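Enquirer: Sequence:
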Amino acid sequence: MKLLEHRVQAFRHFRTPFTLKFEPGVIIVEGENRDAPGADRSNGSGKSLCCVDSLTWALFGKMPRYGDSAVGDDAAHPVAGADVTEVLQLDSGAIVHVRRTRAPKGRPTFEILGPDGTPFPVSKDASQRADDVHALLGLDYAAFCAAVVLSGEMALARAGFAAQMTVLESVLHLAELN
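End of the sequence shown = 181 in our numbering, gap-free, step of one.
These are calculated hints, taken from the structure and not from any lab test.
Be careful, since some hints might not be right.
Simulated restraints on C-beta separations [claimed, not checked]:
{"hint": "1", "residue 1": "A165", "residue 2": "T121", "range": "44 to 50 Å"}
{"hint": "2", "residue 1": "A138", "residue 2": "R110", "range": "21 to 27 Å"}
{"hint": "3", "residue 1": "H16", "residue 2": "G70", "range": "17 to 23 Å"}
{"hint": "4", "residue 1": "T112", "residue 2": "V82", "range": "17 to 23 Å"}
{"hint": "5", "residue 1": "S95", "residue 2": "A165", "range": "39 to 45 Å"}
{"hint": "6", "residue 1": "A97", "residue 2": "A165", "range": "40 to 46 Å"}
{"hint": "7", "residue 1": "G96", "residue 2": "T19", "range": "28 to 34 Å"}
{"hint": "8", "residue 1": "V82", "residue 2": "G117", "range": "16 to 22 Å"}
As the structure is a prediction and not an experimental result, all values here were calculated from the model.
Glycine is no exception: its CB is placed at the ideal position from the N, C-alpha and C atoms.
My request is simple: use the sequences and hints to build the entire structure.
Expert: As structure tokens, then:
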């Protein structure tokens with residue numbers, strides 16, 4: 004499985020829709036911290052963790068910062084709700100769109116669309132739906148988080164900003180750039 008695009012129309016604190024195209028190399032996400040006037044405009048505003056949260060929520064209905072619990076209202080922006088689509092290339096080469104939406108309050112919708120827009124059959128039962136996604140992706144929630152979030156499992160996602168920056172600086176060898 005290969006992540007191609009991450010499309011966020013609405014999610015938690017994001018104010019503007021965006022699309023991240025996953026291409027080889029390092030992806031740097033820039034943004035503006037509008038929640039804390041006077042604070043650093045970008046550094047430490049939660050962009051990376053929110054990107055991971057919206058990615059895992061779209062696919063599994065869970066977020067690293069909430070552990071193994073299903074996430075409902077906490078995924079939704081208070082006005083816009085939540086609407087996240089993942090564009091994936093499966094090992095077979097087929098491209099699918101996995102989309103999860105939620106009104107500001109209410110039940111989420113979940114769909115997987117094939118290359119021609121044909122819906123993949125997914126269970127209405129949440130636990131069985133998780134198995135459907137696992138079968139499609141070849142990864143369950145824990146394995147997906149271990150592959151996406153550095154430091155294995157969800158330890159980095161649960162760590163504080165200073166710990167996250169330490170890992171990022173060591174991975175990117177930022178000290179060597181000074």
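Enquirer: Run every hint past the structure and note whether it holds.
Expert: Status of the hints after comparison with the structure:
Distance hint check for A165 and T121: the Cβ-Cβ separation is about 47 Å, which falls inside the suggested range of 44 to 50 Å. At about 23 Å, the beta-carbon gap between A138 and R110 stays in the expected band of 21 to 27 Å. For the pair H16 and G70, the supplied restraint of 17 to 23 Å holds, since their beta-carbon distance comes to about 20 Å. For the pair T112 and V82, the beta carbons lie near 18 Å from each other, so the given range of 17 to 23 Å is met.
Roughly 42 Å separates the CB atoms of S95 and A165, a value that falls within the hinted 39 to 45 Å. The given range of 40 to 46 Å is respected by A97 and A165, whose C-beta atoms sit roughly 42 Å from each other. Roughly 33 Å separates the CB atoms of G96 and T19, a value that falls within the hinted 28 to 34 Å. At roughly 32 Å, the beta carbons of V82 and G117 sit outside the given window of 16 to 22 Å.
When held up to the earlier numbered hints, the structure conflicts with hint 8 and nothing else.
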